[in-house]
Amino acid sequence: MNTSYNWIKSYVPGLSADDQEYFDKMTLSGTKVEGFARLDKNLEKIVVGRIEKLEPHPNADKLVVCQVNVGGEEPLQIVTGAPNAAQGQTVIVVLDGGKVAGDHDGHLPEGGVPIKAGALRGVPSAGMMCSVEELGFDQNFFPEAPEYGIYVFPEGSGVKPGDDALAALGLRDTVFEYEITSNRVDCYSVLGIAREAAATFRLPFVPPAVPATGNGEQASDYISVEVKDPDLCPRYTARVVKNIKFGPSPKWMQERLRASGIRPINNLVDITNYVMEEYGQPMHAFDYDLIAGHKIVVKRAENGEKFVTLDGQERQLDDRMLMICDGEKEIGIAGIMGGENSKITEDVHTMIFESACFNGVNIRLSAKRLGLRTDASGKFEKGLDPENALAAIDRACALVEELGCGEVVGGVVDVYTKKPERREIPFRPDWINSFLGTDLSEETMLGYFPPLALEYDPARRAVKIPTFRQDLEGEADLAEEVARFYGYDKIPVTLPRGEATAGKLSYKNRVEDLAGQVMEYCGFSQAMNFSFESPKVWDKLRLPADSPLRQAVTILNPLGEDYSIMRTLPLGGMLTSLATNAGRRNRNARLYELANIYLPHALPLTELPDERRQLCFGFYGEGDFFTLKAAAEELFRKAGMKGLPEYENTGAYPFFHPGRQAVLRYEGTELGYLGEVHPLAAEAFGLTERTYVAVLDLPALLPFTNLDHQKFEGIARFPAVSRDLAMVMDKATPVGEVEKILRQRSGKLLESLELFDVYEGAQVGEGKKSVAYKLVLRAKDRTLEEKDITGVMSKILNGLSQKGIELRS
Amino acid sequence: MQEKLAKIREEALARLNAAANSDAINEIRLAYLGKKGQLTEVLKGMRDVAPEDRPKVGEWVNDTRKAIEAKLEEVQKKAAEKALALRLEAETIDVTMPAKSAAMGHPHPNTLALKELERVFVGMGYEVVEGPEVEYDYYNFEALNIPDGHPAKDEQDTFYISDKIVLRTQTSPVQVRTMEKTKPPIRIVAPGRVFRSDDVDATHSPCFNQVEGLVIDRHITFADLKGTLAQFAREMFGPETKVKFRPHHFPFTEPSAEMDVSCFKCGGKGCRMCKGSGWIEILGCGMVHPKVLRMSGIDPEEYSGFAFGIGLERITLLKYEIDDMRLLYENDTRFLNQF
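Same order as they appear, the protein sequences are chains Z and F.
The first sequence begins at 178 in this note's numbering and counts up by one.
The second sequence begins at 33 in this note's numbering and counts up by one.
These are calculated hints, taken from the structure and not from any lab test.
Idealized CB from N, CA, C, for every residue including glycine.
Incorrect hints may have been included.
Across the chosen pairs, the derived CB separations fall in these ranges [said to hold, decoys possible]:
1. F/356 - Z/281: 53 to 61 Å
2. Z/438 - F/180: 51 to 59 Å
3. F/298 - Z/607: 40 to 48 Å
4. F/134 - Z/897: 26 to 34 Å
5. Z/407 - F/182: 21 to 29 Å
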């Protein structure tokens, strides 16, 4: 909300804080100011002048030479190219050494445009006459300004040469932009902010005096009002104005509207806008003569009805929308926009002012369904105070009389279906002190309440809340009012006492941190991808149509298809990120991510999905499938997992190379999968290099980890014996099978096992391969004897021959 | 005999003095002291010496041997020293050649900021907990005093899965979940992903991270909230950091505040980072609303508490002076390698 500081000051007499001080204090008392801008920014040495004489320029057709009275003894000679300049005009003059905000085109350079005396085509010129654009404004702000040319003060402006032109234009003011929080509906108004300012600066708050208005007639003789749906309309007030005389609104009103960013139009429209800003209450005007039966009915629309709003658009209604109707037809969508069929035109004679209160949530939802959010609906949707409706309509009628734009009919038609109760909150100063950690006296606290219109009832030890402060519900709210005006900065600074608690990371978090460390050690950098992605990912990953991974949690209102489903596997993000790196020609990219996948138990979702944190790591460039294994096994060792994982190519993963993929199991439990990305999947993501990815499911992994109970196993003191074994087997036999035999058969004596040669070729025959291992055997408690070794070796040979594996001769 | 030994000795010492390297020295050693060396030959010739002369001759031979051995040791040492010096010289490297990188990976800057934050709060006795990212509407809104019809519930901000399930828009539901199952005292921080329906640009992302904090105990005051967060700010941004609390509104806290910290780049003088104000907005906080306590099964007459919520990305962007939020989710290694 943008508002003139002068407007605020007019209701807080004595407020003299400069812009910065006002900004700081209001922010600290809870009315947050986003920023402020002086209207006379970059405007210097600018006065009112009168063109006493105007002559053609001797050397230029498009220029004229003016003698301009700026209040001094001698007129100034100013050369101008303004097409509208004429003798006798009262104009804006920038003196030598002055400054304007912009150029003719409305471009506003930082620091403004300096103006100096000089000569134009050989004729000296002592300054410049200027347009509103050069002051940094436009016709929206000054409708009376010419489309092109210098600004000319209208007759009767009451300004004389030498006056401060900026004051005359109402530009000696600052516009403050407030960020009003949603609970402070009352502060979406000049009066609301002024009340806060008065309380903040401990000055009296003096709202405008609203005199009684109206002639001897009664509004109720003109119009009747019936509210059929009181749940959506707690109050509806109407007053009548006749003999309407249109004209411009006065300067002071235009200035205040301008500062609020509202374009002055005519006296009646301006009054409506003015009161909306001042009271925060939107109003609407109907042409009385167009109201059938001179009757207003407030009721819900019917489904499927159509209605043309005053902007000429046809709108589709439904039975949740509240309508303003006359005796025959709909004439407005309540709180959102009036109808074309009853709108005020220049021919209006008599009009009805409407000032009502509507259900905020209903207005918001209706506006949203209509796709029509107006200034009025923006106010109503916050939930207005019904008490304010009458105050605002009376203020508007007082302005009608003051501005002489019509004859106000006496009385008001007021249908008040639901009067808000004034809430009472118990006042316990001790509780407030114990809640805030302060030591304030009761008197000090009570001193903050009157400026806020909070009334203390000593007999009941309670504070009575005004209806416009629906946000104050309980004692904590009173504590906040005390804290705000005592000053958050003055509240002491302490630390919680009480029982000490042990700070810690969960075990799960510790394992995750470890996983990150191991990944980084292995050269992988941490990536973060969005949790949602496109369902197209499933096709790119070649998932079959019936894959359970296609059963995803779907967002009803996504930002677009690309962000519409919650991922069921982490590969999409990983491959996209790797492709981004490849596209940017980053060599050897290695990434890991620790984030959730979301697996629904059933669709549509009725309970929360299974969120599983997965470690996904992938790379292209240096390395291969076995690089992935190394990183996974490094993590297992560091996590205290003493056994070795098993890998099996079950061909289960369509996104992997059929010959280069494996499921990873640990003690029989599936922990994840890894492989080289299938060339077609890689291509779908735009990856041209061989790419490898592994996924480990942390909830599955967690039970096998052991960060806290690792034990020292001693260092071997007895000598080791090593034996090399070369074996010949079918080419297709996985070495894992051989290793399994070697491990099982050598039992506890096996210290390590190392594959050192794989050979295929003529020497071992077609379809065969030779595999060579170095076995290191050692006992913990003694030196191995020859018979131990022979025993182990014969067991191994037995095992091998059962599988058809022979020693290489 | 004596003459012969003297000659051997003289000749041996001379040869040793002239020896160029350890091979040559070894050769000389063998020539005199080896099995077939000259001195050994002399000893073998002792049989021909008269028995009464033998001790004397033995002594001469020994003296000669000692002299040669002493010299041997001396020249050997010298030769070793010389050889080492030569080797070291030959092995001189160009120390300005490029480093051999270990090619370690790098953490995400969000993680660096989060770990720092966790370190501070764990040190203050807070437990790090988590909650679901796909969340019931009840926990995300209603239990936090955001009833139906509240603008914050509007679809433009919230991603809906069904009318009862949403993508959480804040980490605050973890407050409620913790209070429901834990008896005070409670001190937790809850980091995690949250989601808002904002298009991606330099300062917005539909998926980002928050860190929630909650303290519940007897006699917790607004002054405790101030003290705790001031200490956090000093540990996170430096011991000189000052804090400022401004009144604000959140439905689930009352009183509520926003906390600014003195700009850690300019120290409060005003710069581009703090837009000239000297202050940077860091977090929202407040005393837990009595309604929220009651809904979570905690008696507000017995207990009170405070809560705060920190936008992790905001801290990350500020701390590392990253000017575009999109960089955090592109995962370009040229970006990640800088952390």
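The hints, checked one at a time:
no., hint, result
1, F/356 - Z/281: 53 to 61 Å, "violated, 36 Å"
2, Z/438 - F/180: 51 to 59 Å, "violated, 33 Å"
3, F/298 - Z/607: 40 to 48 Å, "holds, 43 Å"
4, F/134 - Z/897: 26 to 34 Å, "holds, 31 Å"
5, Z/407 - F/182: 21 to 29 Å, "holds, 23 Å"
Checked against the numbered hints above, the structure violates hints 1, 2; every other hint is satisfied.
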